[in-house]
Amino acid sequence: MTPSVNRHRQFLHGILALLLFAIAQTATAQWWRFGSDSAQPVFSDLLFNNVSALRVDRSLQFSPEDLDQRKIAVRGRAEVGQGKIGRVEASLDDGANWTAIPVGDRGLFAFEFVPEIERAYRFKIRALSTTGQSSDEAEHAFEFKVVKEDNRALAKAAFQQLLDRYMARDRSGFMSLVSREFLGNETALDSAIGNDFRFFDSIRIEPTIQRMAASDNRWTIYFNFRRQVRSVRSGQMLSDQAMTSVTLIRDGDGYKLQELAAPLIFGVSDPSNVATYVTGEAVGRPVLTVNEKTGEASTQTQGQTTESSGGSGRVDSGNVDLNMGQGYSFRTSAKVNNVQPGGDFAFGGFFELFLGNEVEAAAVLGSFSLSQPPAINPGALTPGLEFVHLQVGQVIGMKLVSGKYALVRLAAQTGQDTRRFEYLLSDTPNFK
Amino acid sequence: MKQTLIASGVIWALWCWPTGQASAQGNAPLPAPQPNAPSASTSGPGVIVPLSPPETLNGPQIEKKPVFGNFQYDSGLPEKSLDVTIRSMFEDYRLSGPGRASSFYQPGSHWLHDVELTARQPIGEELKTEFNAVIRYTDSKRHDPAVWSLQRVQFIARDQVNHLTLGDYYATLSQYSLNQAIKGLGYQRNFGESTYLRVVAGTMAPRWDHLFGEPHNETIQRDVVGLRAQNAGDNYRVGLNLMSASDHDNASVRTIQDTYRQVLPALDWEYRTDGGVRLSGEHAQANTRKQTAAGVRRDLAGTAHRVNADGSLGELRWRMRTERVSSDFVTLGGGAAIDRLRYYLRGDYRLNKTWSVFLADDWYRNNLDDQISATTRTHIPEAGVTARGLFDRRNLTLTTSLRQRQIRTEAPQYDRNISDRLYVSLSDRFQEVSVRGEVEALLNKRKSTAGVRTDNDDYLYRFAVDSRHLFAEGRYDFRPYLTLEHQIVQDPTTGKSVLTDGVLLDFRLVAPGNLTYAMNFEQRNVNNGTATVNDNSLLRYGLSVAYRPGQFPGSSIRAEAGKAHYNFSDNAKDYRERYVRVMLDIPFSLEK
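Keeping their order, the protein sequence lines are chains A and B.
Position 54 of the first sequence, counting from 1, maps to 54 under my numbering, and the rest follow consecutively.
Position in the second sequence (first residue = 1) + 1000 = my numbering.
Hints listed in this document are in silico derivations from the structure and should not be mistaken for laboratory results.
Hints are not guaranteed to be accurate.
Below, a list of computed lysine to any residue pairs in the SDA-like style, where the Cα atoms sit at most 20 Å apart [said to hold, decoys possible]:
| # | chain 1 | residue 1 | chain 2 | residue 2 |
| --- | --- | --- | --- | --- |
| 1 | B | 1080 | A | 150 |
| 2 | A | 293 | B | 1379 |
| 3 | B | 1141 | A | 284 |
| 4 | A | 156 | B | 1274 |
| 5 | A | 156 | B | 1433 |
| 6 | B | 1290 | A | 382 |
| 7 | A | 156 | B | 1113 |
| 8 | B | 1573 | B | 1148 |
| 9 | B | 1573 | A | 240 |
| 10 | B | 1290 | A | 150 |
| 11 | A | 293 | B | 1583 |
| 12 | B | 1563 | A | 206 |
| 13 | B | 1573 | B | 1535 |
| 14 | A | 124 | B | 1080 |
| 15 | A | 293 | B | 1377 |
| 16 | A | 335 | B | 1584 |
| 17 | A | 156 | B | 1116 |
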């Protein structure tokens, strides 16, 4: 632990102590009120046409397409623990004028209005109980506006906002623009965004939108991007250029992120949990990846699955000494005693190497060191190969049934009937 | 294209099918509940018109309006029109300094022009048609690999019960089965208000020039045909989907990529109870034949299931997600995180108008069918507190949360990673000025097979000021935004700390005459603490002006210029970038 980090840990503890003190001061004054506020009415539903406005904080924007016969129908429900809801009142001018809305037995109410395009309405709503209590007016006070732009422009603006928050390295601001209906794992996305900001710096992304497609209240934006980041760990500037897509859905006060494709533009460190499909045009292109465990950022070839865009970013390496007749399995990471078909490869005596049933295709690639390995060309591998002759220094490339790729090098003859093999195991044909 | 021909036959038969009640009702959306109420349209704009209380809120929660791809042909659009929109961009980049090869800009001047044509024309009294096409010219590979390209071409025809799209179409069946832009046809026939049948067929080629033999960013050629039938009621929706896709054997990328054939049926549903609980889910089975680039064929059969629920219980709002996608579930047109079992639960409880607490738990694992050597399990519990209106200040908000992320990979690749994240945020508003301070600490511990233990902590401090000021009776709208940031990241392997300091300043002024001026400035310094790794600093600043001419509604002109300096402790890597961009967007309406 460096002195600098120790200082920050102490500082953080200080902040926490201060916060606890502040909370304790406030909580002391309000502790007995916990759960006893049920005399105050609250709104449990608030719909503008079919869009929920219950948690709108500052503003709600509609496009003309969101209107239903030029109207907004507001429907909702007010509830109270003690007594009944006597009245609901709504205002479009920040509370200067209130209109009484009739309330049903179960607190349901409805009203409508015709908004003018591009006019900002300061919407407020309050509920009054029969015991004279009023709901908090500030709770549901926001600006409502029907803008000229169509939904295509609103979705485009939301995409730009996501990029701005990401490039400003604002994790919480970014996550507030992610829909609750996110189709990948939103918890994993939150962690991956945090990792991006730990391992990348000076993030710049310039997209060129190729096409936008709409369906069922969603917009999918297909775009070319050019991206540059600086690896915090190595200080190296890394850039990539590829095609990918994002999907946005109408959620509460605007369009929010619903789905991400690989190669990922956000949350690069965890594609297998964040992306749900791969953009075909990006397959085979070098794209940015980061290994969460080491903080190492690099570019790797985008594969046909979300996993293989670097997946964990891991290339496993090792060596194994085999006696004649022994084999080694990548699936179990253990030696096996049967020459065939037990393992991925087995030393058969002299310079013969048997290939087991875990090998889908293979080819001898030549003599080279595994410290600077070339990528495997899957098309050059021979399927169904059962054995090869391998000289010391030569490397065989394999595609395994598990979808992984391996490079195996006969490193040395360590005895009359023993050989040492070195290997690299990767999710992709690229081993760097 | 045999599948497309079959789909065309199905569409023809459906179009000619007697409409019965459907044609009388059309596809109008369900009216909002307004019994015994006066019409708002008679009361003028901006006037609240009270309605009788509705019986329920459940019905309209579920979208019963049959929606159809890219179709935006609503009653608000003119029936007959001819519009041309020109979007142009000029950009010029200048690079200097010994390390200029590191810049991601392509130096020199480049152009991008998009011309979009939209024509609408009714045929007879019932049928409405629309044609839309976009042609692009660019001399920059950044924007497009081709100099000239057809970006979109689409023809839409619609009457009361039939919708047909030819050309570019966003094919949507369900999440697992199909959600992809295709080139081909899409057809939907509505039966009454809440039932429809949708047929899609075409190719997933992302570019039109692929169909003309141009190899720009060529992908596997994949044909798809799909069918969806949906029925919805006041509190339910159910959809049946069938998708079939197959890759061409003769594509040139076939030798380096795997190819597939697939049939995928799926069922999706949604149900809302009277108590406000919303349940939804999808169940799919994928039968796939995979042929590797090396020519090895393998049959894969996999299933995917997801069930989501959310609702309220007094002051408690809760959400639940569960999903199981097997290792061999391959979807060629839909989306899913493969080889995953996941449970997620979150509850938000409001203690009173100030305080609320939340608890969340996310657990997921892979290797469901033992296809890889080690299983990884991830568990992320989180607890947090939010207080709004502390100390009688309406906008003073405190948010704090503690999250633990445990990732455990079993032997033989044993690896255990635990990260504790503590997050504290405090925000307030002083008249027009909003301020937010955030502290985030990430305490990481890791132990691996090799006996390697690492213990590294990361800290992030961020302070942001955001405000909006109106001058001259609101004619000038000034919006400054400032962010200060300090980050300490400990390198997991060396234990050295990397320090980053950043400041970002953005001014925006909206002035009379539809003018918007903007200026931004960014400075960022990184100190690596390791002699072998370069420290660096970044300085960027830019100016922009945007104008929306009143004479051409919907048009805009924007010009921006800026400069960036990248400096490294090794001066041989330094470089500078200068740019100028001008963007123009002009729609012309040729006929109305």
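Okay, the hints, checked on the actual structure:
A threshold of 20 Å between alpha carbons decides the hint, and for residue 1080(B) with residue 150(A) the separation of about 19 Å falls inside it, so the pair holds. Simply put, residue 293(A) and residue 1379(B) have alpha-carbon atoms about 17 Å apart, close enough for the 20 Å limit, and the pair holds. A C-alpha spacing of about 17 Å is found between residue 1141(B) and residue 284(A), which places the hinted pair at or below 20 Å, so the restraint holds. A threshold of 20 Å between alpha carbons decides the hint, and for residue 156(A) with residue 1274(B) the separation of about 37 Å lies outside it, so the pair is violated.
A hinted pair counts as satisfied when its Cα atoms are at most 20 Å apart, and residue 156(A) with residue 1433(B) does not qualify at roughly 27 Å. With a C-alpha separation of about 17 Å, the suggested pairing of residue 1290(B) with residue 382(A) holds against the 20 Å cut-off. A threshold of 20 Å between alpha carbons decides the hint, and for residue 156(A) with residue 1113(B) the separation of about 18 Å falls inside it, so the pair holds. Using a Cα cut-off of 20 Å, the hinted pair residue 1573(B) and residue 1148(B) is violated, with the two alpha carbons roughly 36 Å apart.
Our distance criterion of 20 Å between C-alpha atoms is met by residue 1573(B) and residue 240(A), whose separation comes to about 19 Å. Taking the CA atoms of residue 1290(B) and residue 150(A), the gap is about 42 Å. The hint is violated against a cut of 20 Å. For a cut-off of 20 Å, the pair hint linking residue 293(A) to residue 1583(B) is broken: about 43 Å separates their Cα positions. At most 20 Å may separate the alpha-carbon atoms for a hinted pair to count; residue 1563(B) and residue 206(A) meet this at roughly 16 Å.
With a C-alpha separation of about 11 Å, the suggested pair residue 1573(B) and residue 1535(B) falls inside the 20 Å cut-off, and the hint holds. Using a Cα cut-off of 20 Å, the hinted pair residue 124(A) and residue 1080(B) is violated, with the two alpha carbons roughly 40 Å apart. The straight-line distance between the Cα atoms of residue 293(A) and residue 1377(B) is roughly 15 Å, inside the 20 Å bound, and the hint therefore holds. About 66 Å separates the Cα atoms of residue 335(A) and residue 1584(B), which puts this hinted pair outside 20 Å; it is violated.
Straight-line distance between C-alpha atoms of residue 156(A) and residue 1116(B) comes to about 17 Å, which keeps the hinted pair within the 20 Å bound.
The structure shown violates the earlier hints numbered 4, 5, 8, 10, 11, 14, 16.
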